[in-house]
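Here the protein sequences line up with chains A and B, keeping their order.
Here our numbering is used: the first residue of the first sequence is 1, the next is one more, and so on.
Here our numbering is used: the first residue of the second sequence is 1, the next is one more, and so on.
Worth flagging that the hints you see were computed from the coordinates, not collected in a lab.
Some hints here could point you the wrong way.
[As the list claims (entries may be wrong)] In silico BS3-like links for lysine-lysine, alpha-carbon gap of 25 angstroms or less:
1. Lys-53/B x Lys-40/B
2. Lys-40/B x Lys-99/A
3. Lys-53/B x Lys-99/A
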Amino acid sequence: SQQGEEDPQALSIQEGENATMNCSYKTSINNLQWYRQNSGRGLVHLILIRSNEREKHSGRLRVTLDTSKKSSSLLITASRAADTASYFCATGGSGGYNKLIFGAGTRLAVHP
Amino acid sequence: DTEVTQTPKHLVMGMTNKKSLKCEQHMGHRAMYWYKQKAKKPPELMFVYSYEKLSINESVPSRFSPECPNSSLLNLHLHALQPEDSALYLCASSHGASESYEQYFGPGTRLTVT
Chain A
1 SQQGEEDPQA LSIQEGENAT MNCSYKTSIN NLQWYRQNSG RGLVHLILIR SNEREKHSGR
61 LRVTLDTSKK SSSLLITASR AADTASYFCA TGGSGGYNKL IFGAGTRLAV HP
Chain B
1 DTEVTQTPKH LVMGMTNKKS LKCEQHMGHR AMYWYKQKAK KPPELMFVYS YEKLSINESV
61 PSRFSPECPN SSLLNLHLHA LQPEDSALYL CASSHGASES YEQYFGPGTR LTVT
């Protein structure tokens, strides 16, 4: 079952523009992760934000977390064609195990 | 070495065949995972191994049989699959079996069941 829901489902922008993707989740979390997947291949971890953090940066990536609204956003600044991929948020499961539950994902297309 | 490798990259099998998917990591990670991903859908967890022991089975049909021979290897044995089992099968590993750890994914095996 999906924990996170993302919007938009698809996003098309020009190189140099910023891209914002949103993720909502249903239950309380300890942390939230974002992953990127290029064209049906393996996922790459982008960033992890803990429940006591509100914002985190990594290069051109900025992630925010609002636990009161159960939502997170991923901002990619100055996008490049190489950023074309699907982006997933993922939250941990219960029971002390790293049981990631992924959102539906946003398919980002960056046009040169 | 921060790589998770998976073999084969592609696999076509009939419904009566028996085949195996293989995953390997040399990062010293103690948790390993199998995910199934259908087209345009997110990955769905199938199995979690922690310290070479099966810790989570997400109600996966018995035609999928995981095996963890040692801390670096993870196999998924396939038998009597159905066409709806066609999907991308992803292996991942993490330092420990806690949600605080990022997961490292392999490139996947694209499975087609005919």
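For the pair we were handed, Lys-53/B and Lys-40/B, check the Cα-Cα distance against 25 angstroms.
Measuring from Cα to Cα gives roughly 31 angstroms; hence the hint is violated.
Keeping to a limit of 25 angstroms between CA atoms, is the pair of Lys-53/B and Lys-99/A held or broken?
holds (15 angstroms)
Agreement of Lys-40/B and Lys-99/A with the hint, judged by alpha carbon distance not exceeding 25 angstroms:
Holds, at about 21 angstroms.
In this structure, only the earlier hint numbered 1 is contradicted, and the remaining ones agree with it.
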